[in-house]
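According to the working numbering, the stretch in the sequence shown is residues 373 to 609, in order.
The hints are simulated quantities; they were obtained by calculation from the structure and are not laboratory data. Please read these numbers as outputs of a predicted model, since none were measured by experiment. Glycine included, every Cβ here is placed at the ideal spot set by N, Cα and C. Each statement offered as a hint is correct.
Label-pair ranges, simulated between beta-carbon atoms: (1) LEU468 to GLY492: 27 to 33 angstroms; (2) GLU543 to GLN475: 36 to 42 angstroms; (3) GLU603 to GLN478: 41 to 47 angstroms; (4) LEU476 to GLU543: 32 to 38 angstroms; (5) LEU573 to GLY492: 31 to 37 angstroms; (6) GLN477 to GLY448: 33 to 39 angstroms; (7) ALA539 to ALA420: 37 to 43 angstroms; (8) GLY552 to SER463: 18 to 24 angstroms; (9) GLY552 to LEU468: 22 to 28 angstroms; (10) PRO464 to ARG593: 26 to 32 angstroms.
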Amino acid sequence: MTSSDKNLVALVTGGSSGLGRELVLSLAARGWTVVTDGRRADRLAELADPGIVTVPGDLTDADHRTALRAELTGLGRLDLLVHNAGTLGPSPLPRLETITPDQLQQTWRPNVGAPLVLTGELLDLLVASRGTVVAITSDAAVEHYPGWGLYGASKAALEHLVLTYAAENPELTAYAVDPGDLRTEMHQAAFPGEDISDRPLPETVVPHLLALVDRRPPSGRYRAAEVSLPEPAGGAR
Numbered sequence: 373m374t375s376s377d378k379n380l381v382a383l384v385t386g387g388s389s390g391l392g393r394e395l396v397l398s399l400a401a402r403g404w405t406v407v408t409d410g411r412r413a414d415r416l417a418e419l420a421d422p423g424i425v426t427v428p429g430d431l432t433d434a435d436h437r438t439a440l441r442a443e444l445t446g447l448g449r450l451d452l453l454v455h456n457a458g459t460l461g462p463s464p465l466p467r468l469e470t471i472t473p474d475q476l477q478q479t480w481r482p483n484v485g486a487p488l489v490l491t492g493e494l495l496d497l498l499v500a501s502r503g504t505v506v507a508i509t510s511d512a513a514v515e516h517y518p519g520w521g522l523y524g525a526s527k528a529a530l531e532h533l534v535l536t537y538a539a540e541n542p543e544l545t546a547y548a549v550d551p552g553d554l555r556t557e558m559h560q561a562a563f564p565g566e567d568i569s570d571r572p573l574p575e576t577v578v579p580h581l582l583a584l585v586d587r588r589p590p591s592g593r594y595r596a597a598e599v600s601l602p603e604p605a606g607g608a609r
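Sequences are here, hints too, so could you generate the full structure?
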């Protein structure tokens, strides 16, 4: 997949803000048709582009997933599925022994359950297009930070599920991509009252994500910062 590819279709979940929004805009600028969703309809409405289809709603809702499936069926294909939507969970970040069953469910359903079920519901389209599945993950999935246990465990589970989908379906390629700390609302919620202006903006990560999708290396876990960018046209100067 390259910037010259046309008629390609992506679903990017959680496209109303942050990294998801920047990825939606960048894919549309390259000529993709992008379906995206989010719980904040007003923010989705700001994505005014003929190549962007917005479907407000919550991924944990079966009717919403059916609506996404209908849009993609109408488009006739699905080349890229990006699991970007998710929740931090309780804020301030709790120690593990304080987590309640309700908090576990409120984090696990959007971060693990919804991506698992959505991928299965779209699997035929992905397989037919020999598509790519990307899970936006975190270093908390592999490192152990106080307070990050519930969120990190959900991301570790998401990585495992997405990469297993590729192992079970050789037509697919799957990546768990750690974008690093970014200046987003979710990251701010993890550090309430702190200044996070030193973190990179989400748009700085998008070129690395697109380079990974274009290059299509073997399925696996990747850090966005370690994905090299292509040389400018005409070579380096």
